[in-house]
Structures are given as structure tokens and as C-alpha cells.
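Peer 1: Below are the chains, spelled out letter by letter.
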Amino acid sequence: MTAQWTGATEAAMVFLDYMKKSLSQTKSMKELYANLASLARRFYEERPTSALLVNTIKKLAIRALELRDRSFDEALHDLLKLIDEEVDYSRRSVDELAQLASRRIPDDSVVLTHSYSTTVIKTLSLAHEKGKIKQVFVTESRPGGEGLHTAMALSERGLKTTLITDSAVNYFLDKVSLVVVGAEAITANGALVNKIGTSMIALASYHRRKRMIVLAGTYKFSFETVYGELIRIPEASLDLLGFPKDLLYPNVLVKAPLMDVTRPQYIDAIITEKGVTSPAGVPLIIWESLSGREELRTMSIHQVLSLLEEKAR
Amino acid sequence: MIPKEVLEIADGIKTMRIRGASLIAKSAAQALRIAAERYSGDASGFKPYITKVANLLLQTRPTAVSLPNAVYYVLNRTLSSSVSEARETAIRSSDEFIRMVDESHRRIMEYGSKLIQDEYVVFTHCHSTAVVDIILQAFREGKRVEVINTETRPLFQGRITLREIAKNGVKVTHVPDSAVRHFIKNANIVIVGADTITSDGYLVNKVGTSHLALAAWEAGIPFYSAAEFIKFSPASLEGGEVVIEFRSASEVLDIYPGGLADELRRLGVEVLNPAFDFTPPELITAFITNLGIIPPQLSVLIIKEMFGFSAGRIQLTVLEELV
Numbered sequence: 504m505t506a507q508w509t510g511a512t513e514a515a516m517v518f519l520d521y522m523k524k525s526l527s528q529t530k531s532m533k534e535l536y537a538n539l540a541s542l543a544r545r546f547y548e549e550r551p552t553s554a555l556l557v558n559t560i561k562k563l564a565i566r567a568l569e570l571r572d573r574s575f576d577e578a579l580h581d582l583l584k585l586i587d588e589e590v591d592y593s594r595r596s597v598d599e600l601a602q603l604a605s606r607r608i609p610d611d612s613v614v615l616t617h618s619y620s621t622t623v624i625k626t627l628s629l630a631h632e633k634g635k636i637k638q639v640f641v642t643e644s645r646p647g648g649e650g651l652h653t654a655m656a657l658s659e660r661g662l663k664t665t666l667i668t669d670s671a672v673n674y675f676l677d678k679v680s681l682v683v684v685g686a687e688a689i690t691a692n693g694a695l696v697n698k699i700g701t702s703m704i705a706l707a708s709y710h711r712r713k714r715m716i717v718l719a720g721t722y723k724f725s726f727e728t729v730y731g732e733l734i735r736i737p738e739a740s741l742d743l744l745g746f747p748k749d750l751l752y753p754n755v756l757v758k759a760p761l762m763d764v765t766r767p768q769y770i771d772a773i774i775t776e777k778g779v780t781s782p783a784g785v786p787l788i789i790w791e792s793l794s795g796r797e798e799l800r801t802m803s804i805h806q807v808l809s810l811l812e813e814k815a816r
Numbered sequence: 019m020i021p022k023e024v025l026e027i028a029d030g031i032k033t034m035r036i037r038g039a040s041l042i043a044k045s046a047a048q049a050l051r052i053a054a055e056r057y058s059g060d061a062s063g064f065k066p067y068i069t070k071v072a073n074l075l076l077q078t079r080p081t082a083v084s085l086p087n088a089v090y091y092v093l094n095r096t097l098s099s100s101v102s103e104a105r106e107t108a109i110r111s112s113d114e115f116i117r118m119v120d121e122s123h124r125r126i127m128e129y130g131s132k133l134i135q136d137e138y139v140v141f142t143h144c145h146s147t148a149v150v151d152i153i154l155q156a157f158r159e160g161k162r163v164e165v166i167n168t169e170t171r172p173l174f175q176g177r178i179t180l181r182e183i184a185k186n187g188v189k190v191t192h193v194p195d196s197a198v199r200h201f202i203k204n205a206n207i208v209i210v211g212a213d214t215i216t217s218d219g220y221l222v223n224k225v226g227t228s229h230l231a232l233a234a235w236e237a238g239i240p241f242y243s244a245a246e247f248i249k250f251s252p253a254s255l256e257g258g259e260v261v262i263e264f265r266s267a268s269e270v271l272d273i274y275p276g277g278l279a280d281e282l283r284r285l286g287v288e289v290l291n292p293a294f295d296f297t298p299p300e301l302i303t304a305f306i307t308n309l310g311i312i313p314p315q316l317s318v319l320i321i322k323e324m325f326g327f328s329a330g331r332i333q334l335t336v337l338e339e340l341v
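Respectively, the protein sequence lines represent chains A and W. Under the numbering used here, think of the first position of the first sequence as 504, with each following residue one higher. Under the numbering used here, think of the first position of the second sequence as 19, with each following residue one higher.
These aren't lab readings, by the way, just hints derived from the structure by calculation. Check the hints yourself; a few may be wrong.
What the hints assert, rightly or not - Coverage of chain A stretches by chain W, computed from C-beta distances (three or more under 8 Å per stretch; other residues unrestricted):
1) 526 to 540
2) 665 to 674
3) 716 to 726
Claimed, not checked - Stretch-level coverage of chain W by chain A, calculated; a stretch enters the list once three of its residues show a Cβ under 8 Å from a Cβ in chain A:
4) 36 to 49
5) 85 to 96
6) 187 to 198
7) 227 to 236
8) 273 to 279
Backbone N, C-alpha and C define an ideal beta-carbon position, used for all residues, glycine too.
Based on the sequences and whatever the hints tell you, model everything.
Peer 2: What follows is the structure, given as C-alpha cells:
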């Protein structure tokens, strides 16, 4: 479905694209709910950590449920319009965020980044156009190796790019002046959920007094965590790890979670499309973004998905 | 005239046919023993002769730490003995050194296994024979020990550790290097091996070791390194720098489809692949050595006890001559 190495923003764009095509083919309200429910469920199961995906699903689903007494044509038109607006909003936000974030990057920066993030690539490219970047270190980002794609994208845009293994971060931190990463989700307490390895990089850079900034639009904030919902972390398959089958003794367990959690204490700043904040400022932004959208706050993704599935029956 | 067997050993070390710190050290000592035994000239010529053999051995792998340690253990004692006793001393101290290396393995296994309590989970990185021996010893003693280990990119030495431990029935959880901090909270103790230890207590070991040390420190979990005396560097006492070897990019890229690696090269992406990193003494609980469990700040004691303070000076001089 989605390529393994896509960032959270790209994955959400792919979702919206699929959804548009899928809804366009429906002929009745029941079918519309069915397609919405099954596609939302599929994408959520694949990437339950992505706050952007969860937020997007919730928005679409809640609108669809609000439209239940309208004619099919009207409802379809309305939903397709909403999808277009969402795509447009995300694109614009990423651009605004990258503009803002590139201003925060000092001259002569040697940047370290991890995994793959559209927002990070855009921000570093903008900063590079302003002549601010000397070099970028990119981690391989096992499992998955998304860092290879980041390295290619940056090198293609003219940045001096160096690929290193995940284990070599501390070795090269001496040379690094700034750590910049994207986000899968930001929780209510300002913690960062991102590709596995992020929290190790955060710890090492904190220990070495290197600044770490997180690029996360407000659409990456996980509203549900305000109400105690936990974020489920999926695991990589043995195939993705290339793990040799002959080593699978009955007493061997291979564990490869795809995400980890970085404590807010290790994050110097979170940059959103609305401005720069500290992790402590996250709840404030969440409350503000949610004013007047009661249902987005109170309903969890699980409730939303089951309501949709009920409608489809 | 240097005996043929000695040249063969030197060649074996150089071409990496003889590998592993202990084996390299023991082979070097063996070579010196053979050279001394076969010497047929007059007594006054022995010291220059054995120094020549020592130099030959040192040139085989200038960056390995166990090799110069073997050579200087024997050479120091030989050069400081009288002319008439020099040959005897060389033979005796070679034997003594080999015996000590073997015994240090047994001791480290014994001391290290005492650190593992019943139901402990041991976290380790890369592959170290000493660590595998410690874990299996604790397991044989009836302790219900479990292991978490990393795959250890780029060459996956963690899979060697996994096999050696798991085939004996110990439960092992295998994780990517990037997941070290995520899983450290499930461990009770970290034990890794050692490549080189400096006189100021820094551990040079497989790249990523410092991550594990930092994560353990943050989580309040003790971090040990199992290290025979041959891993301690007398040269560092004299300010000698430990040079980190950078290995080829293909080690990192080989697991990916060929097209991807070609594309990276075409786009000019640099790939840097250091083999080791430095773990500072403040993150190390202690070294498990053949002399006992010692804090990293006392590394200098091992160097003094095993090699003498002057060993590093001779070593550096010879290395400089080589350059």
C-alpha cells in the first residue's frame, strides 16, 4: 500500500488520494460508509502511530456521520471537497512550516537527521538555498533504511550529505551543531513519537549539549492523548530485518518496534506552522486548535472507526 | 636468520588468518619463543636479534593492541635481564605470557558470572567471546539468565552472539541497534567486550557501544566491559592516540538492492563507516579483568602491573620508527 520509507505526511497524502478514488466509485450512502470504513481501518492498522493519519481519518469520518440525513450526491460532493481542502491545507502547512523552520537554522550548521521526513527535507533545502548548511549527517534508520532515501533527496538538492549507521551517531556528534527531526506524533505532554532510534539520538545530543528541534505541524499533535489514549507502536517484520531463518531457535525472540518515544526534556523546540513552541506549550496549542470542535476531542479513533463500520452494515 | 615458523606466524597475523585479540597475542608470544629457542649465535648477539624479531611482529598489525602487548611483555623482561640469561628469560616470559592469557579467560568468566544474579536480563552488543563465556557460565550455574542483544550493523556480529548463546538454550531477544534505548529498561545489567582500553579509562569498542553505555547510565543500569589485560594500552599512557578504523561503504550498502547503492553513489552521497567508538569512563561501572573488577579510573594500575610504566614508551618509539 504505502511504501515503507514514506514520511508521515506523505503517508497521509497517499491515504487521501486512495480515499478520493475509492469514494468516487461509490453509488450509495451505505457503500460510501463501507469504503470509508474499510480504507480508514486498513491505513490505521498499518500506521497507528501517525497522529496526522488519525486526525485526518477522524475529520473525514465525523463529517461523513454528520451528513447521514443528506442525499448521497450531496454527501459525496461534500466529502470530496473536504479531501481536497485537507490535501491543500497539509501542503500549505508544510510549506509555511519549512519557511519558518529554515529561519531557525543558524549559519554554518552541521545537521544530523534521522529517518525520512518531507518537512525536514524541505526545511533543509530552504536553509541550504540561504547558504546556511555545511553538511548533513543522515542515519541509515534500521529497520527500513529510510535514511538512504533522505540522503538521496538531500544530495539531489545540492546538500553535502553523509550517510552513517544508527550506531555511529555518538561518534559523529562532535561534528554536529544541530539535530533536526520530523514527527509521527506529538503527545499531550510534549513527548515525541517518531521512528525508532530518535530517542537515542535525543539522549546523546542532550548529553553532548547539542540542540534538537522537532518539525511538527499542529496536525501532528495527538489530541486523543489528552484524554489518556495510548499510542500503539507497530513492529517490523523479520523480512524487513533480513533476519536469517536458521537463527530462529525456539528461545529466540526478534523485536523491532518501528517507533519510540522521546522525552520532552530532551527537545529544545517544536516548530509548527503557527510558530515555535516548547514541548510544555503543546497542550495550549492543542486546546486552541480544538476550540469549537468538541467531537474531535471527545471521540477516539476506535469509537470513530466502529461508528463508521456500524453505518456500513 | 629468523626461523621460517616465525615468518609464517607474522604472515598469518598480517593477512588476518590469525584473528581475535587473544590468539594474535598468544601467537606473537609463541613466535618470540620459537625465535629464542632456535637462536644459535653467541650470547651478546641475542638482544639485538630478539629486538629485530619483535620489530618484525609489530609491523604486521600496527593498530592492534594485544600484539604489541605480547611483544613488550617478553621484550621488556628480556632486555632488562643479563646477557647470559637473556635467551632463557625470553623463553620463560613467552610461556608465562601465554599461560596468563589462558588463565585470564577463566578468571574473567568466573568474576563476570558472579555479577549476574538469578533472573537477570543481560544486554550486550556485537560479539565478544568473554561475554558469551560469562553468560553461559552463569547459565550453567543454574541462574535463569536471559539476554537482549543488538544485530550490530553493518556486519551483524550480533547474529554470531545470538547463535552461540541461543543454541545452549538461553532465551535471547534480538533487536536493531536503533532500539537500544527503547529496550534498556528491560535489562538488569549491560556487559560488552573491549577492543582497547586507554590509561585514562576510555573504552574503545564496536561502534554503538557508547549508545548502550549512555542509555544504561540514563536508566540507572550498571555497565561493565569484560577485558583481559592484553586489551589495556600502554601506548596511551604516553599520549598515544587510538586511531579509529574507517571501513568500506559497501559494508553498509550491501544489504540493499544494487540499484539503490548505485543511485547513492551517483548522487554523491558520502558513506562513513567507523568500526569503533569511545565510551568515556564516567559511563562505565567497571571493567571485568583477570585482576578482578576494577573501576575505569584504575586502568593505569593494570598497565603498571602487567607491563610496567615504561612499556608504552618503548612501544611508541618503535611505532614512530615504523612511520
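Peer 1: Indicate, hint by hint, whether the structure satisfies it.
Peer 2: Structure-based check of each hint:
With a cut-off of 8 Å between beta carbons, the stretch 526 to 540 of chain A has 0 residues touching chain W; three or more are needed, and the interface restraint is violated. Given as covered by chain W, the stretch 665 to 674 of chain A passes the check, having 10 residues with a CB less than 8 Å from a CB of that chain where 3 are the minimum. Counting residues of the stretch 716 to 726 of chain A whose beta carbon lies closer than 8 Å to any beta carbon of chain W gives 0, which falls below the threshold of three, so the coverage claim is violated. Here the stretch 36 to 49 of chain W counts 0 residues with a CB under 8 Å from a CB of chain A, which misses the bar of 3, and the coverage is violated.
Here the stretch 85 to 96 of chain W counts 0 residues with a CB under 8 Å from a CB of chain A, which misses the bar of 3, and the coverage is violated. With a threshold of 8 Å between beta carbons, the proposed coverage of the stretch 187 to 198 of chain W by chain A holds, since 12 of its residues qualify and at least three are required. Note: the stretch 227 to 236 of chain W has 5 residues with beta-carbon separation from chain A under 8 Å; the three-residue rule is met and the coverage holds. Three residues within the 8 Å Cβ limit are the bar, and the stretch 273 to 279 of chain W against chain A gives 3, so the coverage statement holds.
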